[in-house]
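Q: The chain contents come next:
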Amino acid sequence: MAEYATPTTEQEFAENFAQLKPLMSNSEALLESSRCLFCFDAPCIKACPSGIDIPLFIRQINSGNATGAARTIYEANYFGNACGKVCPTEVLCEGSCVYTATGAKPIEIGRLQSHATRQVIDQGKHLFQPGAPTGFRVAVIGAGPAGISCACELRKLGHEVEVFEAKSKPSGLTLYGVAPYKITNEETLAEMAYLEAQFGFRVHYNHAISTRPDLEKLEQAYDVIFLGIGLGHTSSLGLPGEDRENCVGAVEFIEQLRIRQEQTTVGRKVIVLGGGNTAMDAASESARLGAEKVVLAYRRGKEEMGAYEFEYDLAKGVGVQGLFNVAPLEIVGNGKVEGVKFVRTATLNGQVQTVPGSEFVEACDMVIKATGQAKQTSFLSLIPELQVDGKGRIVFNPNTGQTTNPRYFASGDAANGGAEVVNAAAEAKAAAHGIHQYLTKSHLSS
Amino acid sequence: MPDLSINFAGIKSPNPFWLASAPPTNSGYQVMKAFDAGWGGAVWKTLGVPVVNVSSRYGSVDYRDKRMMGFNNIELISDRPLADNLREIEEVKKRFPHHAVIASLMVQSRQEWHDIVRDAENAGSDGIELNFGCPHGMCERGMGSAVGQEPEVLQTIVEWVMEVARIPVIVKLTPNISDITEPAMAARRGGANAISLINTIQSIVGVDLDLFAPYPIVDGKGSNGGYCGPAVKPIALNMVKNCAQHPDVRLPISGIGGIETWRDAVEHILLGASSVQVCTAAMHYGFGIIREMTSGLEQYMSEKGFRTIDDMVGRALPNVKHWEDLNLKYKVTAHINPDKCIGCQLCYTACEDGAHQAIKLNAGTRIPEIIDENCVGCNLCSLVCPVEQCITMERRDDGTQHQTWKERTAADDIPVTFNDERAGGLHHWVPEPAAALGKEKHKTLPGKARQYQEVVVTE
Ligand SMILES: Cc1cc2nc3c(=O)[nH]c(=O)nc-3n(C[C@H](O)[C@H](O)[C@H](O)COP(=O)(O)OP(=O)(O)OC[C@H]3O[C@@H](n4cnc5c(N)ncnc54)[C@H](O)[C@@H]3O)c2cc1C
Ligand SMILES: Cc1cc2nc3c(=O)[nH]c(=O)nc-3n(C[C@H](O)[C@H](O)[C@H](O)COP(=O)(O)O)c2cc1C
Ligand code: SF4
Ligand code: SF4
Ligand code: SF4
Numbered sequence: 187m188a189e190y191a192t193p194t195t196e197q198e199f200a201e202n203f204a205q206l207k208p209l210m211s212n213s214e215a216l217l218e219s220s221r222c223l224f225c226f227d228a229p230c231i232k233a234c235p236s237g238i239d240i241p242l243f244i245r246q247i248n249s250g251n252a253t254g255a256a257r258t259i260y261e262a263n264y265f266g267n268a269c270g271k272v273c274p275t276e277v278l279c280e281g282s283c284v285y286t287a288t289g290a291k292p293i294e295i296g297r298l299q300s301h302a303t304r305q306v307i308d309q310g311k312h313l314f315q316p317g318a319p320t321g322f323r324v325a326v327i328g329a330g331p332a333g334i335s336c337a338c339e340l341r342k343l344g345h346e347v348e349v350f351e352a353k354s355k356p357s358g359l360t361l362y363g364v365a366p367y368k369i370t371n372e373e374t375l376a377e378m379a380y381l382e383a384q385f386g387f388r389v390h391y392n393h394a395i396s397t398r399p400d401l402e403k404l405e406q407a408y409d410v411i412f413l414g415i416g417l418g419h420t421s422s423l424g425l426p427g428e429d430r431e432n433c434v435g436a437v438e439f440i441e442q443l444r445i446r447q448e449q450t451t452v453g454r455k456v457i458v459l460g461g462g463n464t465a466m467d468a469a470s471e472s473a474r475l476g477a478e479k480v481v482l483a484y485r486r487g488k489e490e491m492g493a494y495e496f497e498y499d500l501a502k503g504v505g506v507q508g509l510f511n512v513a514p515l516e517i518v519g520n521g522k523v524e525g526v527k528f529v530r531t532a533t534l535n536g537q538v539q540t541v542p543g544s545e546f547v548e549a550c551d552m553v554i555k556a557t558g559q560a561k562q563t564s565f566l567s568l569i570p571e572l573q574v575d576g577k578g579r580i581v582f583n584p585n586t587g588q589t590t591n592p593r594y595f596a597s598g599d600a601a602n603g604g605a606e607v608v609n610a611a612a613e614a615k616a617a618a619h620g621i622h623q624y625l626t627k628s629h630l631s632s
Numbered sequence: 037m038p039d040l041s042i043n044f045a046g047i048k049s050p051n052p053f054w055l056a057s058a059p060p061t062n063s064g065y066q067v068m069k070a071f072d073a074g075w076g077g078a079v080w081k082t083l084g085v086p087v088v089n090v091s092s093r094y095g096s097v098d099y100r101d102k103r104m105m106g107f108n109n110i111e112l113i114s115d116r117p118l119a120d121n122l123r124e125i126e127e128v129k130k131r132f133p134h135h136a137v138i139a140s141l142m143v144q145s146r147q148e149w150h151d152i153v154r155d156a157e158n159a160g161s162d163g164i165e166l167n168f169g170c171p172h173g174m175c176e177r178g179m180g181s182a183v184g185q186e187p188e189v190l191q192t193i194v195e196w197v198m199e200v201a202r203i204p205v206i207v208k209l210t211p212n213i214s215d216i217t218e219p220a221m222a223a224r225r226g227g228a229n230a231i232s233l234i235n236t237i238q239s240i241v242g243v244d245l246d247l248f249a250p251y252p253i254v255d256g257k258g259s260n261g262g263y264c265g266p267a268v269k270p271i272a273l274n275m276v277k278n279c280a281q282h283p284d285v286r287l288p289i290s291g292i293g294g295i296e297t298w299r300d301a302v303e304h305i306l307l308g309a310s311s312v313q314v315c316t317a318a319m320h321y322g323f324g325i326i327r328e329m330t331s332g333l334e335q336y337m338s339e340k341g342f343r344t345i346d347d348m349v350g351r352a353l354p355n356v357k358h359w360e361d362l363n364l365k366y367k368v369t370a371h372i373n374p375d376k377c378i379g380c381q382l383c384y385t386a387c388e389d390g391a392h393q394a395i396k397l398n399a400g401t402r403i404p405e406i407i408d409e410n411c412v413g414c415n416l417c418s419l420v421c422p423v424e425q426c427i428t429m430e431r432r433d434d435g436t437q438h439q440t441w442k443e444r445t446a447a448d449d450i451p452v453t454f455n456d457e458r459a460g461g462l463h464h465w466v467p468e469p470a471a472a473l474g475k476e477k478h479k480t481l482p483g484k485a486r487q488y489q490e491v492v493v494t495e
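Quick note, the sequences are listed as chains C and G, same order. Its first residue numbered 187, the first sequence is counted upward by one per residue in our numbering. Its first residue numbered 37, the second sequence is counted upward by one per residue in our numbering.
Everything labelled a hint here was simulated from the structure, so no lab data went into it. Please note that a few of the clues may not be correct.
[Said to hold, decoys possible] Only pairs whose alpha carbons sit at most 30 Å apart, straight line, appear in this in silico DSSO-like list of lysine-lysine:
id	chain 1	residue 1	chain 2	residue 2
1	G	Lys102	C	Lys207
2	C	Lys291	G	Lys69
3	C	Lys232	G	Lys376
4	G	Lys130	G	Lys69
5	G	Lys477	C	Lys627
6	G	Lys102	C	Lys291
7	G	Lys477	C	Lys342
8	C	Lys311	C	Lys355
9	C	Lys232	G	Lys477
10	C	Lys488	C	Lys291
11	C	Lys232	G	Lys479
12	G	Lys376	C	Lys291
13	G	Lys396	G	Lys477
14	G	Lys479	C	Lys342
15	G	Lys475	C	Lys232
16	C	Lys291	C	Lys207
17	C	Lys232	C	Lys353
18	G	Lys396	C	Lys232
19	C	Lys291	G	Lys130
20	G	Lys257	G	Lys269
Owing to the predicted nature of the structure, the values given are computational and were not obtained by experimental measurement.
Can you make the complete structure from the sequences, with help from the hints?
A: Structure below.
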């Protein structure tokens, strides 16, 4: 039995994908902020990859200074509202809140964060302005969390910034990848517009940088180039039948979902391949789109899944069924997907081994491959001297963002191999300072 | 089952909880409802000269999300016709003959006092309370706290009242005075049967930051009001104690001020009150709070083996001493229970910045450590610790020695010059002033300040 009816209207879509962290009212924010202890050298700050001064902003909310709270947040992290809503707070700030040690609920830091930032966004209250012009020009490739954060900080430091984005909208996977029950398109874009209005960087949409001549143009026109390109498409599995109709990549499926919303089609019986957070998202999303049965198939045991426990709980909560210790052999069907042929596996000394003779076919009419995103290595190979490591990640200095080509800087998924929005935002801010140092040459060394 | 009933200066009531003279006792309707809910008595909203009220009338001190920690009002005495009030008193007494109804009164001339005392008696009141406390509006007209602050005037008025009174007379004292025992003694000299305290404290609860006016705001302006509610309990307790300990007061005390739970009531009683009165808590939560109050009091009395309220009255008084009588040899220091500590480090920063630098942090753990030699046993850390019984104050002396400041003075053994060897803090360790500079900057300026410490790029 499906828990959700297929949404046919905007309203029904919003109900099926109701926000996990809805906006806090002023009363709720007052109650929740009152609980915060204002810890010394607070562990929540240390657990936040962007180092937001959490006790300070909570105290500001509590004393009726939500604008000051928003400033505290944005000074550390330009994706303040987005992070409040999409961060895995359970394993970051909230997971380290001292209250967890008492058995009491941790402070709802994420929702408080969004409460403060949404106020300044909705009221259009500007907190920042560009710095005095330095005359330096930086090209940013990619308008995702990394690119936009870097652009904001560079503008604050007075550098001219132009952003080149392949897609038609900003914020990268925040808009095209994160589950719709974590953040809505409207609020994602509102935060981007809010930032753009204050910092005044220019974004060229539908403008992919993909060839060597494209790059050369940038190299000539700009002093520094920042790579915020993220990762690529879903990696292929190399299985027979992968090209059948209705066998799709998770990233591509979710992108459609974020764009088309209730017009997205989903199978009646869906098999999701993978055990990471993206697999959990794709499975939950299929269920919320009204799929009758959603099966999550993973090569190893439940405990070995890479996904956060709360993400798996979320999927289970909407009726997703787990199928563990199975490896896909073939996507079966006749033009269209009709099922997946699996073989059972056993883990021996940490090695997954197939159990001969245990093959079976699990019927379905849609397969979603959530088996990781490919790296953009062929594009990166167009950049002279730029090294990537064995996993396809750009080699960079995490303190400065600088790559092995001194004029190229990078952060976010393309450099860290795929993490969270907050990591991209924090790294890119550090990279902006690295770029600033590089440009102003005030602090040089090799 | 303990017996909660009291006989307060001749006024009988099924329990010691009375509603104080205030809006909850404005009408017969309210008082009957309160008695129905379980209250033992009610001091009627003050009757007297005709008045006119303003709107709005109340202001509040909120603490974080907690409403009405403190409360103030610029309201006057009852603005209802005297005849209506008297008729309703009579009706309530008929319906509740065993509950206490006390008429609170405030008028000016001797004749007016005589008339109104007789009216109150004729209506069937069990007692009379003289309101010498209101700190606004009435004092400008020579009543309320204007009387309470002048012991001689107070005594004269009490004498006028006693000329005609046939029922017990309670004098309600204002705290807006430097020594509460002065008006208390005046009440006794005038022949009063009991005192009640405290009335509200002159206050401004807050200022509107946009209108630049004090709360509550009446057409853009405000006035000082009378402060009450949980925040005033400490002041009330001290004044109750002062009256209860004073050898020349010797009158039953009705304790008022900040009573919201059975605990607050027991505290008033242990310091000498033999009935208690409640206003703000009833205005905040309604009459239903009485159930918690009576059941808590009953439970406490059973556990302690008190049979009657009188068994407990003043039980803490022998332990309230002057500072000079405290044992200087008694020593406690703080102890942290590492199993309970949640690592908030509030104790650390409190002691480091607000006390005696007697707590240190160690690498690799969030659990702070007490430096025993530096700890003066001030208690601050245990007060800020959010975990129950996590920081405890442990006794360090062997309990054999006892010496007070008074004894040392008598023995001529007190520090008398600067740098005297006998002074307390002389050999207490404090860090060098300059050691403060830059200390823990990275912890107290977090966020962005932590992030970009070293930025080194390749050319
Ligand atoms: C399914 C899914 C769910 C996720 N859920 C969460 C979550 O709940 N919470 C969370 O914190 N994180 C989540 N993440 C991770 C998070 O979205 C990423 O870590 C983050 O978006 C990385 O930011 P980025 O700027 O490095 O890259 P991206 O967000 O990928 O942005 C890169 C941008 O660059 C553009 N681009 C790429 N190449 C070029 C080019 N050659 N020329 C021009 N433009 C180019 C892309 O179009 C894109 O807009 C999720 C990721 C996925 C895939
Ligand atoms: C709105 C208001 C009106 C009051 N009016 C009177 C009054 O008419 N007569 C009086 O004796 N005390 C009056 N008081 C003082 C209360 O009886 C009581 O002494 C004081 O509020 C302290 O008790 P609490 O802390 O329980 O509120 C009033 C208090 C308030 C809040
Ligand atoms: S750890 Fe929790 S209680 Fe302490 S400052 Fe952070 S949010 Fe507040
Ligand atoms: S009792 Fe006072 S001096 Fe001792 S550790 Fe606690 S705060 Fe510091
Ligand atoms: S205040 Fe209490 S809980 Fe917090 S660090 Fe100190 S001992 Fe631990």
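Q: Hint by hint, note whether the structure agrees.
A: Hints, one by one, checked against the model:
1. Lys102(G) x Lys207(C): Since the Cα atoms of Lys102(G) and Lys207(C) sit roughly 25 Å apart, the hinted pair holds (cutoff 30 Å).
2. Lys291(C) x Lys69(G): Roughly 40 Å between the alpha carbons, so the hint for Lys291(C) and Lys69(G) is violated.
3. Lys232(C) x Lys376(G): Between Lys232(C) and Lys376(G) the Cα gap is close to 22 Å, so the pair holds against 30 Å.
4. Lys130(G) x Lys69(G): holds, 14 Å
5. Lys477(G) x Lys627(C): holds, 27 Å
6. Lys102(G) x Lys291(C): holds, 19 Å
7. Lys477(G) x Lys342(C): holds, 24 Å
8. Lys311(C) x Lys355(C): holds, 23 Å
9. Lys232(C) x Lys477(G): holds, 15 Å
10. Lys488(C) x Lys291(C): With a Cα-Cα distance of about 26 Å, the restraint between Lys488(C) and Lys291(C) holds, given a limit of 30 Å.
11. Lys232(C) x Lys479(G): holds, 10 Å
12. Lys376(G) x Lys291(C): Within the cut-off at roughly 17 Å; holds.
13. Lys396(G) x Lys477(G): holds, 16 Å
14. Lys479(G) x Lys342(C): OK: Lys479(G) and Lys342(C) at ~25 Å, within 30 Å.
15. Lys475(G) x Lys232(C): holds, 18 Å
16. Lys291(C) x Lys207(C): holds, 15 Å
17. Lys232(C) x Lys353(C): Roughly 34 Å separates the two Cα atoms, so the pair is violated.
18. Lys396(G) x Lys232(C): holds, 20 Å
19. Lys291(C) x Lys130(G): violated, 53 Å
20. Lys257(G) x Lys269(G): holds, 29 Å
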